[in-house]
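Going line by line, the protein sequences match chains U and S. For the first sequence, my numbering gives the first residue as 19, with consecutive numbering after it. For the second sequence, my numbering gives the first residue as 806, with consecutive numbering after it.
There are no misleading hints in this set.
Here are the simulated BS3-like cross-link-like pairs (lysine-lysine), alpha carbons at most 30 Å apart as the crow flies:
1) LYS296(U) x LYS267(U)
2) LYS30(U) x LYS817(S)
3) LYS121(U) x LYS817(S)
4) LYS820(S) x LYS90(U)
5) LYS121(U) x LYS820(S)
6) LYS30(U) x LYS820(S)
7) LYS90(U) x LYS29(U)
8) LYS156(U) x LYS820(S)
Simulated from the structure, these hints should not be mistaken for lab results.
What follows is the residue order along each chain.
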Amino acid sequence: MSGVRVLVGTKKGAFVLTSDERRQDWEVSGPHFAGWEIYHLKGSPVDPNRIYASQSSGWFGQMIQRSDDGGKTWEPVGNEFAYEGSTGTHQWYDGTQHPWEFKRIWHLEPSLHDPDVVYAGAEDAAIFRSIDGGKNWKELSGLRNHDSGPRWQPGAGGMAVHTILIDPTNLQRIFVAISAAGVFRTDDGGETWRPMNRGLTSKYIPDPDAEVGHCVHRIALHPSRPETLFMQMHWHVNRSDDGAETWRKVSGNLPTDFGFPIDVHAHEPETIYVVPIKSDSEHFPIDGKLQVYRSRTGGNEWEALTNGLPQSDCYVNVLRDAMAVDRLESCGIYFGTTGGQVYASADSGDTWTPIVRDLPAVLSVEVQTLP
Amino acid sequence: MIRVELPAHLRKLAKVDGEVELEVAEPVTLGTVLDALEARYPVLRGTIRDHGTLRRRAFLRYFACEQDLSLEAPDTPLPEAVVRGEEPFMVIGAIAGG
Chain U
19 MSGVRVLVGT KKGAFVLTSD ERRQDWEVSG PHFAGWEIYH LKGSPVDPNR IYASQSSGWF
79 GQMIQRSDDG GKTWEPVGNE FAYEGSTGTH QWYDGTQHPW EFKRIWHLEP SLHDPDVVYA
139 GAEDAAIFRS IDGGKNWKEL SGLRNHDSGP RWQPGAGGMA VHTILIDPTN LQRIFVAISA
199 AGVFRTDDGG ETWRPMNRGL TSKYIPDPDA EVGHCVHRIA LHPSRPETLF MQMHWHVNRS
259 DDGAETWRKV SGNLPTDFGF PIDVHAHEPE TIYVVPIKSD SEHFPIDGKL QVYRSRTGGN
319 EWEALTNGLP QSDCYVNVLR DAMAVDRLES CGIYFGTTGG QVYASADSGD TWTPIVRDLP
379 AVLSVEVQTL P
Chain S
806 MIRVELPAHL RKLAKVDGEV ELEVAEPVTL GTVLDALEAR YPVLRGTIRD HGTLRRRAFL
866 RYFACEQDLS LEAPDTPLPE AVVRGEEPFM VIGAIAGG
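Isolated chain S, as found in the complex (with noise of 0.2 Å):
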């Protein structure tokens, strides 16, 4: 089970509290989650990445296991820990103010 953290205004959009835990087929890699995750809350398209092309919005980054996963490919391959479930796959918004 991979579990994704997502921030405020998306978890409040795809209606869950707390962490997504989804079931991904092997191999777990970025864009194999992120299309999982989109299946399972299709009000999420377009919200993380642009429609059609695909590619991260830019006030979002990835991160896993302590790793700026922002820049990878999509078919870069999610750390161990994120695939056994023990270190969440998280989606992190831009802080913003000043």
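This is chain U alone, in the form it adopts within the complex (with noise of 0.2 Å):
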């Protein structure tokens, strides 16, 4: 029978939560590395046994740990990230210039094909390479070193790569988002990239043309339609259908257009879902209601999905890299919360349930579907 695994990493360590294909009842293992920071866990593509994680702390900085035995079992791996020749400088919190300086992994992204092979997006703002199973890194230093680097700059939570989508058909193109200065792609496995924020806009960026600069919170794609791309700015929801090249709003009828995540269906390439959050000043629900939209159309027309989440007093809000989907026939649709709960639903987004509820602030919230 399959099966799902879901990797949560929250400010306290991480969870691994597993489930048959009913997806009814949850086994829990964890805290692993209790007492770090988890920003992200992600399962290889090609062996879901092999899992990384990003372990962080304040005090004694980075580990990268790697398990090949599905979570159960870990082990640290590589945990040197050097930037690449001259350290450079961006735009600072005054507009002054700062140097570049390594904090923390935020995403892993493990190759598509080779499970040794994986991305890492940092702050400040670089993506590593190891090609031996975590134990080195190599900056792919075009993006850090791109003309516009100067005139990054971080947003309030940090400047950092903190989405990588490799595109399925085409494994030199590679897609990248960085909080703030935007979407970067190359198209020749990392070593020279580009800017592709044409069409956004962001009321406080007065140049309507801003090669960078835009606050992306997130983008999605579905695996059989690499060439559409789905984001969620700080404000706004956008897509492009053409490799990101130009972006068009489809924020449509949600009640507000900021939020953090944002994901596709397994099945349905045009229907995805947000979470709505009231501000930038206020990060949680609009009147206390959990609500997740679902768009079937692509954006533009929304329905809220309420079934099964809190819709009084619930003042959580749900991080960037909180959400995915499994790839069972009845596709399930995961996030997680900064109050510790995990919802799931295993109907497209129709009902939820909390599946764990009492957790640390959830940081990350990846699926795997297992055989």
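Both chains are sitting in their own frames, so use the hints and assemble them into the complex.
Given below as structure tokens:
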């Protein structure tokens, strides 16, 4: 019988939740790496037992952990993330230039074809690659050294490569998103990168054609249609149908188009999910009602999904890496909150239930669909 | 034998209980003790000192014999009581809370 494994990164450790294909009863293991911030865990699509985890601490810095048995046991691998060549500077909050400083890994993206190859998105913004299962890391420095680098700036949460998407039809093409620089794309496996932000509008950027500076919170794509990307920006939900060359707004009837995560249904490339958050100064749902919004038309027309979600006195946030989908026949949707709940829907979002509810603040959720 | 006391999270990473005991050749300094610690437990590289620069991580401090050695140079000799193994060299994390 097939099943799912949900990998949850929290402010105080990692948790692994498993269930069969009915997704009714859940076994929770953890905390792994208790007391450490786990920004992200993700399994290899090639070998589901190979899982990478980013473990970090303000005291002790960055560790990368690897499991080869589906998250039962872990071994630390390489933790040296050195910027290549001249470190350079980016824009600081006060407009002055500030040197790049490595802080942590926000996101790990295993290769679609080789379990030993994995990409890491860093704060301060950079992308690294390991080709030996995480033991050694080399920066793909063409991203950080892009001409626009001195104009990138940190958002309130830092300046990080928080999203890495590999085009399944063209392994040389990778998209990344950086707050607050925007989307970048490489077509040569990471050597050179190009800003891909045409069509985005941000009211705090006076130049409507600004090449960089947009606070992109998350991008997502469906593997069958990698030319189409969906974006939750600081404000606005956007989509592109030309590989991020141009974007257009599809916020439509959302009650607020601020938010963090966005994801795509496993079997319906035009069905997408967001979690509207009241505003950038009030990071919680409107009126204390936790609602996922689903569009079956690739944006613009949205419906609220509330069945099973708290509809009063709920003031949690859902962070950018804290939503994922499984690939079972009836697609499951999962998201975690800063209140420590992980909610799951086994019916594409129609009904929800908390599968665990008292964890530390959830930073990330990933799902593996197991044979 | 040099005794080294580590914060709980680093003991867990290194898979040790209690103090670590290290053979360190003369001269016994801040730098040679940390070098020996990282050689014996490679998993600790980067967790106390930065890779490359070997600068102490900001939220950690070095103490021995009731002295704060955090700002001393790496070639600073450790106190005789540490060299004789009578007192531990301590790596201490800043207290969090409030």
